[in-house]
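Each protein sequence line maps, in turn, to chains A and B.
Residue numbering for the first sequence follows our numbering, beginning at -9 and increasing consecutively.
Residue numbering for the second sequence follows our numbering, beginning at -9 and increasing consecutively.
To be clear, the hints were calculated from the coordinates, so they are not data collected in a lab.
Please note: incorrect hints may appear among the correct ones.
If chains are identical, the list can't say which one is meant, so a pair holds when it fits in one copy or spans any two.
[Claimed, not checked] Below, computed lysine to aspartate or glutamate pairings styled on EDC-like, alpha-carbon distance capped at 20 angstroms:
no.: 1; residue 1: Lys173; residue 2: Glu53
no.: 2; residue 1: Lys191; residue 2: Glu53
no.: 3; residue 1: Lys215; residue 2: Asp253
no.: 4; residue 1: Lys147; residue 2: Asp171
no.: 5; residue 1: Lys215; residue 2: Glu299
no.: 6; residue 1: Lys215; residue 2: Glu268
no.: 7; residue 1: Lys106; residue 2: Glu118
no.: 8; residue 1: Lys147; residue 2: Glu282
Protein chains: 2
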Amino acid sequence: MLRTKTLFVFLVALGMLAAAIQPVYAIDEPLPSWNDGAVKQSIIDFVQRVTTEGNPYFVPIPERIAVFDNDGTLWAEQPAYFQGLFAIDRVRALAPQHPEWTTIQPFQAVLANDLKAFAATGLQGIAELMMATHAGMTTVEFDATVKDWLATARHPKFNRPYTSLVYQPMLELLEYLRANDFKTFIVSGGGVEFVRCFSEKAYGIPPEQVVGSMIKLQYEQRDGKPVLVRLPEVVFIDDNAGKPVGIQSAIGRRPIAAFGNSDGDFEMLEWVTAGSGERFGLIVHHDDAVREFAYDSGAIGKLDRGLREAPQRGWVLVSMKNDWKKIFP
Amino acid sequence: MLRTKTLFVFLVALGMLAAAIQPVYAIDEPLPSWNDGAVKQSIIDFVQRVTTEGNPYFVPIPERIAVFDNDGTLWAEQPAYFQGLFAIDRVRALAPQHPEWTTIQPFQAVLANDLKAFAATGLQGIAELMMATHAGMTTVEFDATVKDWLATARHPKFNRPYTSLVYQPMLELLEYLRANDFKTFIVSGGGVEFVRCFSEKAYGIPPEQVVGSMIKLQYEQRDGKPVLVRLPEVVFIDDNAGKPVGIQSAIGRRPIAAFGNSDGDFEMLEWVTAGSGERFGLIVHHDDAVREFAYDSGAIGKLDRGLREAPQRGWVLVSMKNDWKKIFP
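Isolated chain A (complex conformation) (with noise of 0.2 angstroms):
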């Protein structure tokens, strides 16, 4: 009795250790939402070798750095990237400041809902848009006015908040790796100040984990306090051959894993699988009309070479429709 006693004291108090030691994997399946198969295990397999010691593949913890795309890739970017959207109603919010916009493109074409004429004015068009609704203010004021945005509008088709229009199994996917200690980062063609707005809440990402595109910082001192001020100039875009030097410049490193969704990820694909070692690119496929959307081929999240080169680069390709149990949480 005293024995048995004393064993059940010590195991309860080793159990408390065990549990709290335990990684959060051992103790629930892995991936609920992916659906058995080649695809899920190959995630599981490539973690597994990476974090065996003794594994000819094993790889130090510091090393052990996950990048991922955003749009399409952790949440979506139909029927137009979610900071576009952002963008248009930021004009219609801030026109009646701009009575000359009624007049002038592409505002005119914003304010009118006239998608045609917003198209003719390109690329020019686009960058007008997003300087008038991204810059010209401080960072805390922009921080202030897109999580307001997050928190009040809502996607056209799905009438829901855009921060719950995350993938349920990349959710999983990012808690998964970090529970075998790997660090995630989000390297996105979108804006980092923007992206950072939601990251942490969204993802669990903090915003030193988070590279994108930049637009100019101009330090000032407004009433006797310093500011940090956006101007209106592209400084770096992180999209194709801008990801592997966003990666470079703001990670120091090359990761071990990448996933992305289109061919604007391609060339981060191909620099993070390039480096010696076990590697892993995974790219989301969007083939899923009833519950998402099916695109490949359109002007947002063009998917053609990233297509017909995984299979020969070793890149596992994912079906929404047939690997994800379910999309969104």
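Position chain B relative to chain A; hints supplied.
Using the frame of chain A, we list chain B on its own:
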């Protein structure tokens, strides 16, 4: 007896648990190379205020960001910035491949050890020296070159490897902050890729937590493999008003503590300590001619405005001579 035994086992197990969660600083006295006094106490007080739950100045872990200048704050910077000494050594090493350098400045001056002639080439000369030695190779090649130099070069005064000229009290400070769940970043006027070559080994700061000056990178294919080539074009100078910009670009939130040594760190200290809540700013003053160097008015590490305004701004001034028991490890 039974109950004593039971209790004993339980206490042992509890002790194991406690040991597992005990932070390092509670076992050893923090900051052993700092002399007791107001400076050391101000650091400890700050850390205790922001880490004690219930304290009005408590700061949640994700926001515990501390930024450190490198040259003159974490390692020495005399008789010249070590990256400059690297550039000079590289000119000598590369000279056989550049016979033209014996007739053109600033290379002629460097090769002839003619400091006066080099000084006469001004900022243009420094820029040309830096570009000739820091650009035109891949990131991988540059990394190998710097690491080789760090392993073999010796400081002209101390005749020791440059990476041994780090400040022991600052290493302890980094460790103390990290033991209290701070994330420590370097924010250096030096080249980000240069500093990353030793930051992890010398300071325990991984490359993704190094912010610095940057030259342009270009993604290319060489021999069927992707590379990032360093181009002779400066894209960002992370000094003076550039430091808050670098912090916002790379970290995306305002740190709560900043450590510097020169007026190049003034805006960083200003930006950090102007935030709301508890903030900490500290300036290392080089006033120890015997153990290191005494300077604050030369071209390197000039500290004038910082020295004058530190008291009214509440920034802590460290006298290396009086506050540090030892300088180097």
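Under a CA distance limit of 20 angstroms, which applies to Lys191 and Glu53: within one copy, between copies, both, or neither? Answer is between: at 14 angstroms across copies they meet the 20 angstroms cutoff, but 25 angstroms inside does not.
Up to 20 angstroms between alpha-carbons, please classify Lys173 paired with Glu53: within, between, both or neither. So Lys173 and Glu53 pass the 20 angstroms test inside a copy (9 angstroms) and across (17 angstroms) alike.
With identical chains, the pair Lys215 and Glu268 could be close in the same copy or across copies; at 20 angstroms between alpha carbons, which is it: within, between, both, or neither? Close across copies (16 angstroms), not inside one copy (49 angstroms); limit 20 angstroms.
My question is about Lys215 and Asp253: at a cut-off of 20 angstroms on alpha-carbon distance, are they close within one copy, between copies, both, or neither? For Lys215 and Asp253, the Cα distance is within 20 angstroms only across copies (18 angstroms; inside one copy 43 angstroms).
From the Cα coordinates, with 20 angstroms as the cut-off, is the pair Lys147 and Asp171 best called within, between, both, or neither? The answer is neither: 37 angstroms in one copy and 42 angstroms across copies each exceed 20 angstroms.
Go through the copies and call it for Lys106 and Glu118: within, between, both or neither, with a Cα cutoff of 20 angstroms. within (17 angstroms within a copy, 50 angstroms between copies)
Given identical chains, is Lys147 near Glu282, meaning Cα to Cα at most 20 angstroms, within a copy, between copies, both, or neither? within (10 angstroms within a copy, 66 angstroms between copies)
If the cut is 20 angstroms between Cα atoms, do Lys215 and Glu299 qualify within a copy, between copies, both or neither? So Lys215 and Glu299 pass the 20 angstroms test across copies only (15 angstroms; inside, 53 angstroms).
Violated hints amount to a single one, hint 4; each of the other numbered hints is respected by the structure.
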